[in-house]
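Enquirer: Following the hints, position chain B against chain A.
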Amino acid sequence: MKINKFVIGGLLILGAVVFLIWTSTAATSEYFLTIDELKAKGSEVTGRNLRVSGAVIGDTIQYDPQTLTLTFEVAHVPGDQALIADEGGLAEALHQAVLDPTRSRLKIVYVGPKPDLLRHEAQAIVTGKLGEDGIFYADELLLKCPTKYEEAVPEQAASN
Amino acid sequence: MIADFGYGVLVVAFLTALYSVYAAVYGELKKKPAMVESARRAMLLTWPLLTLAAGVLVYLLVNDHYEVQFVYEVTSRSMPLYLKVTAWWGGQAGSLLFWSWLMSAFTSLVTLRKWDRDREFLPWVIVVGGVTMAFFIGMNVFFENPFAKLYQTFGGEIAAYTIQPANSILFTPSDGRGLNPLLRHPGMIIHPPMLYLGFVSFVIPYAFAMAALITGRTDDRWIRITRRWALWAWLFLSAGLVLGGRWAYDVLGWGGYWGWDPVEIAAFMPWLTGTAFLHSVMIQEKRGMFKHWNMLLIILTYDLVIFGTFLTRSGVLSSVHSFAQSAIGPLFFAFIGVTLITSVGLIIYRWDLLKSETQMTSLLSREALFLLNNLLFMGILVVSFWGVIYPLISELFTGQKVTVGPPFYERATSPLFAGLMLLMGVAPLSAWGHSTVKTLGRALWKPALGAAIVTTVLAFTYTRNVIALVGFFLVALVILVTLYEYGRGALARQRSQGENIFVAFWNLTGRNRRRYGGYIIHLSMMLMAIGILGIELFQVETQGTLAIGDSLELAGYTIKYKEVASWDNPGAGVNYTRAVVEVYDANGNLLGNLHPRKDFYFDTQQPMTIPGQLASLKDEVYVLLIDWEPINQESTTFKIFVNPLVNWLWLGSLLFLVGVIIAAWPDKDPQRVTVRAERRARQTSAAD
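Residue numbers (the working numbering), protein chains in the order written: chain A, -14 to 145; chain B, 7 to 694.
Okay, chain A solo, but in the shape it has when bound (with noise of 0.2 Å):
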């Protein structure tokens, strides 16, 4: 009886933990998806919650500071590390990526202030919904320059 007790009290805390998890996960997860694989989903994933990688093309980069209302386009990298690898690292891989005429691209419309690290061959994740019009509304934009240093900045550094 007495074990009864505090295994019962244990179990309750563990159901609370794994529930907290699950309805969390199912109310706030993202679809991590490449440029190719946003592109041939199309109006399957319009309106969801996405999060997109691409290199930044930096001619494509617009910003109107009266309504701090930024537009660029972003190229398709590959989303596998093994892929990344094979272009020669993500400096690389980012650099063939905005060189390559072919590759898709999908554009950016995000509002706020124009963050630091945006510029030509950055690596954007950007958090938000696919449009109707096909254009990719981000509420969250990350950037990563992997070109300029070897280290890593705090992701928060260009994020909101």
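Hint data in this document are derived by calculation from the structure and do not stem from the laboratory. C-beta atoms are modelled at their ideal positions from N, C-alpha and C, and glycine is treated no differently. Warning: the hint list may mix true and false statements.
Computed from the model, here is a short list of chain A residues facing chain B with C-beta under 10 Å [said to hold, decoys possible]:
| no. | residue |
| --- | --- |
| 1 | Ala12 |
| 2 | Gln47 |
| 3 | Pro50 |
| 4 | Gly97 |
| 5 | Pro98 |
| 6 | Arg104 |
| 7 | Thr112 |
| 8 | Asp118 |
| 9 | Ile120 |
| 10 | Tyr122 |
Taking lysine to any residue and the SDA-like style, the derived pairs with C-alpha atoms no more than 25 Å apart in a straight line are [stated by the list, open to error]:
| no. | chain 1 | residue 1 | chain 2 | residue 2 |
| --- | --- | --- | --- | --- |
| 11 | B | Lys361 | B | Asp226 |
| 12 | A | Lys26 | A | Thr56 |
| 13 | A | Lys114 | B | Val546 |
| 14 | B | Lys566 | A | Pro50 |
| 15 | A | Lys(-10) | B | Thr367 |
| 16 | A | Lys(-10) | B | Met384 |
Expert: Chain B only, in chain A's frame:
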């Protein structure tokens, strides 16, 4: 030349660490105390050796030796001296050396302690320290040599080598790439070292735990020896986390301090297990329970420290698309796997020796509540770990990568944090062994009533947000319970000792440093909770493009744009743009001037946005300069946050430091005191 010398010293340090492991095991097994002593000395030697290697690296960094790849990658001529020195831990190779160096300082210190009572632990502590250190130095020696130099072959290719390849010449770039501007901040001096100190010092309790398992001396001796080590480790780790948050808040310009990114979580996870450990060891000391659990916690902490070092340094998780970027990734995982399996194997081997001495009977007893506290910490750990590995799991099972972001962590952890706060309110009032609803209720009802009154007042004057009110109720409850406990102790002392109340407070804390230091830590956590509730629930923001003289309003504040100026600092390689804005309160009183800035670094072609902050206990006005028109200055864009209560977070962190220092402050060693007393007695009797 000097770089080669540095590398040579590293190799010697590596061999010394290996030798100390060998000599300790051999000496212990063959019962040759001289060999163990030799191992101890070898361990002592690693610190001067690594100090020498580190000194060489710092010399190279400070003197612009760009032929050394690491120096080229993390510094440039325009960087100030302090940043050139701190660039030591600005990149992977250097930070591994920094880790080993700190580690050697701790292991050397520990070998210098008085071992008379714990001689049997010594060889095994050396083994654990030596293996860990050899692993990290080995990373430098074999994979990430900070002293590798750039060579150009006749084919024209430039690459870094430890040993000059045939048919090549040394290549010396005229300038380095420079440290990332975001890392060029005074925070760089203190945040990484603090975090690392925290990481490294948790190795010591782990080493003693392993020694206890190996020798079979599984009483609480290892816990008593390492209690202070664990507290200091915890202090450093906590300080590292808070400083990181403050740094992010000050330079990253997004109005926040914690983003639940995998690298942050990697440093947070050992903190969770470490905090659980600090609580649950008390039960082992008082009641002789939870011995398996404490072992498991310290093992988990150690391996999470290794995992955290790997993640924070390598940045492999900053995108879920980039696991294991360099050769050291698999090695780290192998090391974690081997140490985890060995340690858990030892627990199983000693399972019977670790049996509890007493049984837990009451659900509301102090030990049961401590257990609950541990389960909640583990719950937060599981949530965090799940969030980090979920993309991998989902890909494994569904072929589709699915990730979770900050909303996941906030949603899943906040009830657990609330549970912890409730426990902080209840547990100090419960008794060891046995407590009932009745006894607890009698102690709890007054503080609970007080907290309810505070919450009601807040509901009418400050907010109707239910989550905030629940949070404030818990904060008030914990503060009142803690002060009540404190006050009761002091009053009792005042009565029995006839001290005045302040002296009574002082002595009370001094006599029970661990308990009352702990209470101060609880109070500090509540101050931090006020700040977190404020910024998470009540942060407001706006933005606008202003001409000079225009103003913006937000949450009762008026922000008026005065001027903007831009100038170059060629020596530092930076262009500064600085705006001046005035902040007025609702009654039109001028509160102060703010200077939001945008710096542009020429060498890295990167801007950096530095907020202007106006701090008070109520709110913080946080202004960012987004964009400006260089010629007519007519349209300058600002983003403004009002972060209510956030400064309680930083105040709480300061109080936290005070609490931990009180709890960790060395007592007079009781044994030494007796020895001294005996000696005195002998002297007096001799004089007689």
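Enquirer: Work down the list of hints and note, for each, if the structure agrees.
Expert: Going through the hints against the structure:
1. Ala12: Holds, about 7 Å.
2. Gln47: violated (13 Å)
3. Pro50: holds (4 Å)
4. Gly97: With Cβ-Cβ at 8 Å, under 10 Å, it holds.
5. Pro98: With Cβ-Cβ at 5 Å, under 10 Å, it holds.
6. Arg104: holds (7 Å)
7. Thr112: holds (6 Å)
8. Asp118: violated (24 Å)
9. Ile120: Interface hint status for isoleucine 120 of chain A: violated (21 Å vs cutoff 10 Å).
10. Tyr122: violated (16 Å)
11. B:Lys361 - B:Asp226: Cα-Cα ~12 Å, so holds.
12. A:Lys26 - A:Thr56: Measuring from Cα to Cα gives roughly 23 Å; hence the hint holds.
13. A:Lys114 - B:Val546: Holds. Lysine 114 of chain A to valine 546 of chain B sits at ~24 Å (cutoff 25 Å).
14. B:Lys566 - A:Pro50: Holds, at roughly 18 Å.
15. A:Lys(-10) - B:Thr367: Holds, at roughly 9 Å.
16. A:Lys(-10) - B:Met384: With Cα atoms ~20 Å apart, lysine -10 of chain A and methionine 384 of chain B stay inside 25 Å; holds.
Checked against the numbered hints above, the structure violates hints 2, 8, 9 and 10; every other hint is satisfied.
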